[in-house]
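Whenever a hint applies, use it, and build me the whole structure from the sequences.
Residue numbers for the sequence shown follow UniProt numbering, so the first one is 1 and each next one is one higher.
Some hints here could point you the wrong way.
Restricting the straight-line Cα-Cα distance to at most 20 Å, the calculated cross-link-like pairs of lysine to aspartate or glutamate (EDC-like) are [stated by the list, open to error]:
1. K210 with D240
2. K210 with D256
3. K110 with E126
4. K110 with E131
No lab work stands behind these hints: they were computed from the structure.
Nothing here was measured: the structure is a model prediction, and the numbers come from that model.
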Amino acid sequence: MAPKTNGRGVQVEDTKICVVMVGLPARGKSYIAQRAQRYLTWLSIPSKTFNVGNYRRHDAPQPSADFFDNSNPEGERRRRVAAEAAFADMLGWFRQGGVIGILDATNSTKERRKWVMDMCVGEGIEVLFVESKCDNEELIMANIRDVKTTSPDYQGQDPEAAALDFRNRIKHYEKIGGDADLSPRGHQYAQKLPDLVRQSVGGDRPLTWKALDELDAGVCDGMTYQEIKDVYPEDFVARDEDKYNYRYRGGESYRDVVIRLEPIIMELERSEDILIVTHQAILRCIYAYFMKKDQSRSPWMNVPLHCLIKLTPRAYGTDEERYQADIPAVSTWRGKGSTAKHEDPIPEASMSH
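Here it is in C-alpha coordinates:
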(Lines of atoms letter the chains of each structure in order from A; the text may use other names.)
(Lines give C-alpha, C1' and ligand atoms only; values in the text may rest on other atoms or scores of the structure.)
Protein backbone atom coordinates (compact mmCIF):
# COMPACT_ATOMS: atom_id res chain seq x y z
CA MET A 1 0.00 0.00 0.00
CA ALA A 2 1.33 3.44 -0.93
CA PRO A 3 2.12 5.72 2.03
CA LYS A 4 -0.61 8.21 2.92
CA THR A 5 0.28 11.79 1.91
CA ASN A 6 -1.35 15.19 2.27
CA GLY A 7 -1.48 15.80 -1.49
CA ARG A 8 1.74 17.81 -1.52
CA GLY A 9 4.18 14.93 -1.23
CA VAL A 10 4.43 15.18 2.56
CA GLN A 11 3.91 11.75 4.08
CA VAL A 12 1.26 11.65 6.80
CA GLU A 13 1.14 8.54 8.95
CA ASP A 14 -1.77 7.53 11.15
CA THR A 15 0.22 8.67 14.20
CA LYS A 16 -1.37 11.41 16.30
CA ILE A 17 0.98 13.87 18.01
CA CYS A 18 0.33 16.14 21.00
CA VAL A 19 2.79 19.02 21.16
CA VAL A 20 2.89 20.21 24.78
CA MET A 21 4.15 23.76 25.30
CA VAL A 22 6.12 24.32 28.52
CA GLY A 23 7.39 27.54 30.10
CA LEU A 24 6.74 30.52 32.33
CA PRO A 25 4.36 33.27 31.24
CA ALA A 26 5.74 35.91 28.84
CA ARG A 27 8.18 33.44 27.27
CA GLY A 28 6.50 33.31 23.87
CA LYS A 29 4.74 29.94 24.14
CA SER A 30 1.54 31.07 22.45
CA TYR A 31 3.53 32.88 19.78
CA ILE A 32 5.53 29.73 19.03
CA ALA A 33 2.35 27.63 19.05
CA GLN A 34 0.67 29.97 16.57
CA ARG A 35 3.66 29.92 14.22
CA ALA A 36 3.97 26.14 14.43
CA GLN A 37 0.30 25.65 13.60
CA ARG A 38 0.53 28.17 10.80
CA TYR A 39 3.36 26.20 9.19
CA LEU A 40 1.61 22.85 9.65
CA THR A 41 -1.52 24.29 8.04
CA TRP A 42 0.65 25.49 5.18
CA LEU A 43 1.76 21.86 4.72
CA SER A 44 -1.91 20.79 4.71
CA ILE A 45 -1.37 18.75 7.89
CA PRO A 46 -4.52 18.88 10.07
CA SER A 47 -3.41 20.79 13.17
CA LYS A 48 -5.04 22.85 15.91
CA THR A 49 -3.96 24.79 18.98
CA PHE A 50 -5.80 24.27 22.26
CA ASN A 51 -5.03 27.25 24.48
CA VAL A 52 -5.87 26.38 28.08
CA GLY A 53 -6.11 30.08 28.93
CA ASN A 54 -9.07 30.43 26.56
CA TYR A 55 -10.89 27.63 28.40
CA ARG A 56 -10.05 29.15 31.76
CA ARG A 57 -11.49 32.52 30.63
CA HIS A 58 -14.94 30.96 30.32
CA ASP A 59 -14.87 30.54 34.10
CA ALA A 60 -12.53 33.37 35.12
CA PRO A 61 -12.42 36.07 32.40
CA GLN A 62 -9.98 38.52 34.02
CA PRO A 63 -8.47 36.99 37.15
CA SER A 64 -5.90 38.76 39.32
CA ALA A 65 -2.44 37.35 39.96
CA ASP A 66 -3.70 35.70 43.19
CA PHE A 67 -5.75 33.33 41.04
CA PHE A 68 -2.46 31.73 39.92
CA ASP A 69 -0.99 31.41 43.41
CA ASN A 70 -0.28 27.72 44.04
CA SER A 71 -1.57 28.13 47.60
CA ASN A 72 -4.99 29.16 46.24
CA PRO A 73 -6.92 25.84 46.12
CA GLU A 74 -9.92 27.27 44.27
CA GLY A 75 -7.72 28.85 41.64
CA GLU A 76 -5.78 25.62 41.25
CA ARG A 77 -9.01 23.63 40.86
CA ARG A 78 -10.39 25.93 38.19
CA ARG A 79 -7.11 25.89 36.27
CA ARG A 80 -7.14 22.09 36.37
CA VAL A 81 -10.75 22.02 35.08
CA ALA A 82 -9.71 24.28 32.18
CA ALA A 83 -6.79 22.01 31.32
CA GLU A 84 -9.04 18.94 31.40
CA ALA A 85 -11.60 20.64 29.15
CA ALA A 86 -8.92 21.63 26.64
CA PHE A 87 -7.49 18.11 26.63
CA ALA A 88 -10.92 16.54 26.21
CA ASP A 89 -11.63 18.75 23.19
CA MET A 90 -8.24 17.84 21.74
CA LEU A 91 -9.03 14.12 22.08
CA GLY A 92 -12.36 14.63 20.32
CA TRP A 93 -10.59 16.51 17.55
CA PHE A 94 -8.03 13.70 17.15
CA ARG A 95 -10.88 11.20 16.76
CA GLN A 96 -12.31 13.32 13.95
CA GLY A 97 -9.09 13.12 11.93
CA GLY A 98 -6.76 15.64 13.58
CA VAL A 99 -3.04 14.84 13.28
CA ILE A 100 -1.08 17.35 15.40
CA GLY A 101 -2.66 19.04 18.43
CA ILE A 102 -0.80 21.77 20.31
CA LEU A 103 -1.61 22.06 24.02
CA ASP A 104 -0.72 25.67 24.83
CA ALA A 105 -0.28 26.28 28.57
CA THR A 106 2.53 26.76 31.11
CA ASN A 107 2.55 23.04 32.04
CA SER A 108 5.29 24.06 34.45
CA THR A 109 4.92 21.30 37.08
CA LYS A 110 6.09 17.72 36.81
CA GLU A 111 2.66 16.61 37.99
CA ARG A 112 0.87 18.41 35.14
CA ARG A 113 3.32 17.12 32.52
CA LYS A 114 3.01 13.55 33.85
CA TRP A 115 -0.79 13.85 33.72
CA VAL A 116 -0.63 14.94 30.06
CA MET A 117 1.82 12.15 29.23
CA ASP A 118 -0.27 9.47 30.94
CA MET A 119 -3.47 10.65 29.25
CA CYS A 120 -1.83 10.68 25.81
CA VAL A 121 -0.19 7.28 26.23
CA GLY A 122 -3.55 5.85 27.26
CA GLU A 123 -5.05 7.11 23.99
CA GLY A 124 -2.13 5.99 21.80
CA ILE A 125 -0.99 9.57 21.13
CA GLU A 126 2.68 10.50 20.74
CA VAL A 127 3.90 13.36 22.94
CA LEU A 128 6.41 16.10 22.15
CA PHE A 129 7.31 18.60 24.89
CA VAL A 130 8.50 22.00 23.63
CA GLU A 131 9.95 24.29 26.31
CA SER A 132 10.34 28.01 25.72
CA LYS A 133 12.99 29.50 28.02
CA CYS A 134 14.06 33.13 28.18
CA ASP A 135 16.20 34.91 30.77
CA ASN A 136 16.68 38.11 28.77
CA GLU A 137 14.97 40.78 30.90
CA GLU A 138 14.50 43.18 28.00
CA LEU A 139 12.79 40.53 25.89
CA ILE A 140 10.60 39.45 28.81
CA MET A 141 9.53 43.07 29.36
CA ALA A 142 8.74 43.39 25.64
CA ASN A 143 6.58 40.28 25.90
CA ILE A 144 4.82 41.70 28.96
CA ARG A 145 4.09 44.94 27.09
CA ASP A 146 2.68 42.92 24.21
CA VAL A 147 0.57 40.70 26.48
CA LYS A 148 -0.98 43.58 28.39
CA THR A 149 -2.21 45.11 25.13
CA THR A 150 -3.28 41.93 23.28
CA SER A 151 -4.27 39.36 25.92
CA PRO A 152 -8.01 39.03 26.66
CA ASP A 153 -7.05 38.88 30.36
CA TYR A 154 -6.26 42.60 30.36
CA GLN A 155 -8.66 44.14 27.89
CA GLY A 156 -9.88 47.51 29.07
CA GLN A 157 -7.50 47.64 32.02
CA ASP A 158 -4.94 50.29 32.89
CA PRO A 159 -1.68 49.31 31.10
CA GLU A 160 0.55 49.92 34.12
CA ALA A 161 -1.73 48.00 36.47
CA ALA A 162 -1.93 45.18 33.93
CA ALA A 163 1.86 45.00 33.67
CA LEU A 164 2.25 44.88 37.46
CA ASP A 165 -0.40 42.17 37.81
CA PHE A 166 1.19 40.09 35.07
CA ARG A 167 4.58 40.43 36.77
CA ASN A 168 3.06 39.07 39.97
CA ARG A 169 1.49 36.22 38.02
CA ILE A 170 4.91 35.26 36.66
CA LYS A 171 6.34 35.22 40.19
CA HIS A 172 3.81 32.57 41.22
CA TYR A 173 4.93 30.35 38.36
CA GLU A 174 8.59 30.98 39.14
CA LYS A 175 8.01 29.56 42.62
CA ILE A 176 6.67 26.39 41.04
CA GLY A 177 8.94 25.93 38.06
CA GLY A 178 12.17 27.43 39.27
CA ASP A 179 14.28 30.15 37.62
CA ALA A 180 17.66 28.67 36.72
CA ASP A 181 20.71 30.85 36.06
CA LEU A 182 22.26 31.04 32.61
CA SER A 183 24.97 28.50 31.92
CA PRO A 184 28.52 29.72 31.06
CA ARG A 185 27.73 29.10 27.40
CA GLY A 186 24.52 31.05 27.80
CA HIS A 187 26.41 34.08 29.16
CA GLN A 188 28.92 33.80 26.30
CA TYR A 189 26.12 33.68 23.76
CA ALA A 190 24.40 36.72 25.31
CA GLN A 191 27.64 38.70 24.99
CA LYS A 192 28.31 37.62 21.41
CA LEU A 193 24.79 38.03 20.04
CA PRO A 194 24.69 41.86 19.71
CA ASP A 195 27.93 41.91 17.68
CA LEU A 196 26.69 39.06 15.53
CA VAL A 197 23.47 40.92 14.75
CA ARG A 198 25.32 44.12 13.89
CA GLN A 199 27.68 42.23 11.57
CA SER A 200 24.93 40.28 9.85
CA VAL A 201 22.16 42.83 9.32
CA GLY A 202 23.96 45.78 7.69
CA GLY A 203 22.00 48.23 5.54
CA ASP A 204 18.67 47.44 3.98
CA ARG A 205 18.90 46.25 0.38
CA PRO A 206 16.36 44.88 -2.08
CA LEU A 207 16.34 41.14 -2.72
CA THR A 208 14.88 39.37 -5.73
CA TRP A 209 13.40 35.89 -5.33
CA LYS A 210 12.41 33.86 -8.37
CA ALA A 211 9.94 32.06 -6.14
CA LEU A 212 7.94 35.31 -5.86
CA ASP A 213 7.13 35.32 -9.59
CA GLU A 214 3.45 35.47 -10.42
CA LEU A 215 1.44 32.30 -11.01
CA ASP A 216 2.45 30.99 -14.46
CA ALA A 217 -0.62 31.08 -16.71
CA GLY A 218 1.07 29.02 -19.43
CA VAL A 219 -0.57 29.43 -22.84
CA CYS A 220 -3.08 31.85 -21.29
CA ASP A 221 -0.42 34.31 -20.16
CA GLY A 222 -1.37 37.86 -21.17
CA MET A 223 -4.96 36.99 -22.04
CA THR A 224 -8.06 38.52 -20.47
CA TYR A 225 -10.66 36.33 -18.78
CA GLN A 226 -13.00 36.93 -21.72
CA GLU A 227 -10.33 35.80 -24.19
CA ILE A 228 -9.74 32.61 -22.17
CA LYS A 229 -13.49 31.97 -22.14
CA ASP A 230 -13.62 32.35 -25.92
CA VAL A 231 -10.46 30.39 -26.82
CA TYR A 232 -10.38 27.75 -24.07
CA PRO A 233 -13.99 27.40 -22.85
CA GLU A 234 -13.41 24.00 -21.19
CA ASP A 235 -10.40 25.32 -19.26
CA PHE A 236 -12.38 28.38 -18.25
CA VAL A 237 -15.11 26.21 -16.72
CA ALA A 238 -12.59 23.85 -15.07
CA ARG A 239 -10.83 26.75 -13.37
CA ASP A 240 -14.12 28.21 -12.18
CA GLU A 241 -15.01 24.87 -10.58
CA ASP A 242 -11.69 24.33 -8.78
CA LYS A 243 -9.52 27.43 -8.87
CA TYR A 244 -7.04 26.10 -6.29
CA ASN A 245 -6.15 22.85 -8.09
CA TYR A 246 -6.69 23.92 -11.70
CA ARG A 247 -3.40 24.10 -13.61
CA TYR A 248 -3.14 26.26 -16.71
CA ARG A 249 -1.97 24.50 -19.86
CA GLY A 250 1.81 24.65 -19.64
CA GLY A 251 1.51 26.67 -16.42
CA GLU A 252 0.76 26.41 -12.71
CA SER A 253 -2.05 26.03 -10.21
CA TYR A 254 -2.39 27.76 -6.86
CA ARG A 255 -1.36 24.45 -5.29
CA ASP A 256 1.89 24.59 -7.31
CA VAL A 257 2.51 28.14 -6.09
CA VAL A 258 2.08 27.11 -2.45
CA ILE A 259 4.76 24.44 -2.88
CA ARG A 260 7.03 26.93 -4.66
CA LEU A 261 6.67 29.45 -1.83
CA GLU A 262 7.66 27.09 1.00
CA PRO A 263 11.36 28.21 1.12
CA ILE A 264 10.19 31.84 1.13
CA ILE A 265 7.97 31.17 4.14
CA MET A 266 10.97 29.88 6.07
CA GLU A 267 12.86 33.09 5.23
CA LEU A 268 9.92 35.24 6.31
CA GLU A 269 9.68 33.41 9.64
CA ARG A 270 13.34 34.25 10.27
CA SER A 271 12.91 37.90 9.33
CA GLU A 272 11.85 40.85 11.44
CA ASP A 273 10.52 43.68 9.30
CA ILE A 274 10.29 42.91 5.60
CA LEU A 275 8.48 44.55 2.68
CA ILE A 276 7.28 42.17 -0.04
CA VAL A 277 6.54 43.57 -3.47
CA THR A 278 5.03 40.90 -5.70
CA HIS A 279 1.89 39.80 -7.56
CA GLN A 280 -1.63 39.17 -6.34
CA ALA A 281 -1.69 35.36 -6.47
CA ILE A 282 1.57 35.21 -4.52
CA LEU A 283 0.35 37.75 -1.97
CA ARG A 284 -2.88 35.78 -1.50
CA CYS A 285 -0.92 32.64 -0.61
CA ILE A 286 1.37 34.53 1.79
CA TYR A 287 -1.61 36.35 3.32
CA ALA A 288 -3.46 33.05 3.84
CA TYR A 289 -0.39 31.63 5.59
CA PHE A 290 -0.01 34.45 8.11
CA MET A 291 -3.75 34.68 8.73
CA LYS A 292 -3.91 30.87 9.32
CA LYS A 293 -6.39 30.32 6.50
CA ASP A 294 -6.55 27.02 4.65
CA GLN A 295 -4.52 27.41 1.46
CA SER A 296 -7.39 25.99 -0.58
CA ARG A 297 -9.15 29.31 0.18
CA SER A 298 -6.24 31.48 -0.99
CA PRO A 299 -7.53 32.08 -4.56
CA TRP A 300 -10.43 34.06 -3.10
CA MET A 301 -8.47 36.24 -0.68
CA ASN A 302 -9.14 39.92 -1.32
CA VAL A 303 -5.77 41.55 -2.06
CA PRO A 304 -6.55 44.86 -3.79
CA LEU A 305 -4.19 46.77 -6.05
CA HIS A 306 -2.40 49.89 -4.75
CA CYS A 307 -2.77 48.72 -1.17
CA LEU A 308 -0.13 48.12 1.49
CA ILE A 309 -1.13 45.32 3.87
CA LYS A 310 0.77 45.31 7.15
CA LEU A 311 0.71 42.00 9.05
CA THR A 312 2.10 41.78 12.59
CA PRO A 313 2.21 38.23 14.03
CA ARG A 314 1.47 38.12 17.76
CA ALA A 315 0.88 35.47 20.40
CA TYR A 316 -2.90 35.59 19.99
CA GLY A 317 -3.12 35.94 16.22
CA THR A 318 -1.97 38.33 13.50
CA ASP A 319 -2.80 42.04 13.50
CA GLU A 320 -3.74 43.43 10.10
CA GLU A 321 -3.64 47.03 8.89
CA ARG A 322 -4.37 48.20 5.35
CA TYR A 323 -3.13 51.42 3.77
CA GLN A 324 -4.85 52.19 0.46
CA ALA A 325 -3.05 54.57 -1.89
CA ASP A 326 -5.13 57.34 -3.43
CA ILE A 327 -4.68 55.86 -6.90
CA PRO A 328 -7.54 54.54 -9.04
CA ALA A 329 -7.37 50.77 -9.70
CA VAL A 330 -9.48 48.19 -11.50
CA SER A 331 -10.76 45.55 -9.08
CA THR A 332 -10.56 42.05 -10.56
CA TRP A 333 -11.46 40.26 -7.32
CA ARG A 334 -14.43 37.90 -7.24
CA GLY A 335 -15.59 35.99 -4.20
CA LYS A 336 -15.90 32.21 -4.33
CA GLY A 337 -19.16 31.20 -5.91
CA SER A 338 -19.83 34.73 -7.15
CA THR A 339 -22.38 34.77 -9.96
CA ALA A 340 -20.57 37.73 -11.48
CA LYS A 341 -17.31 35.81 -11.68
CA HIS A 342 -15.47 36.59 -14.93
CA GLU A 343 -18.61 37.89 -16.64
CA ASP A 344 -17.21 41.36 -17.21
CA PRO A 345 -14.12 41.58 -19.43
CA ILE A 346 -11.11 43.48 -18.15
CA PRO A 347 -10.46 46.17 -20.77
CA GLU A 348 -6.88 46.93 -21.81
CA ALA A 349 -5.45 44.78 -19.05
CA SER A 350 -4.14 41.30 -18.53
CA MET A 351 -5.95 39.10 -16.06
CA SER A 352 -5.29 39.11 -12.33
CA HIS A 353 -4.85 35.60 -10.99
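Evaluation of the provided hints:
With a C-alpha separation of about 27 Å, the suggested pairing of K210 with D240 is violated against the 20 Å cut-off. Of the supplied pair hints, the one linking K210 and D256 holds, its CA atoms being roughly 14 Å apart against a limit of 20 Å. At roughly 18 Å between alpha-carbon atoms, K110 and E126 fall within 20 Å of each other, so this suggested pair holds. As the CA atoms of K110 and E131 are separated by approximately 13 Å, the hinted pair is consistent with the 20 Å bound.
Taken one by one, the earlier hints fail for this structure only at number 1.
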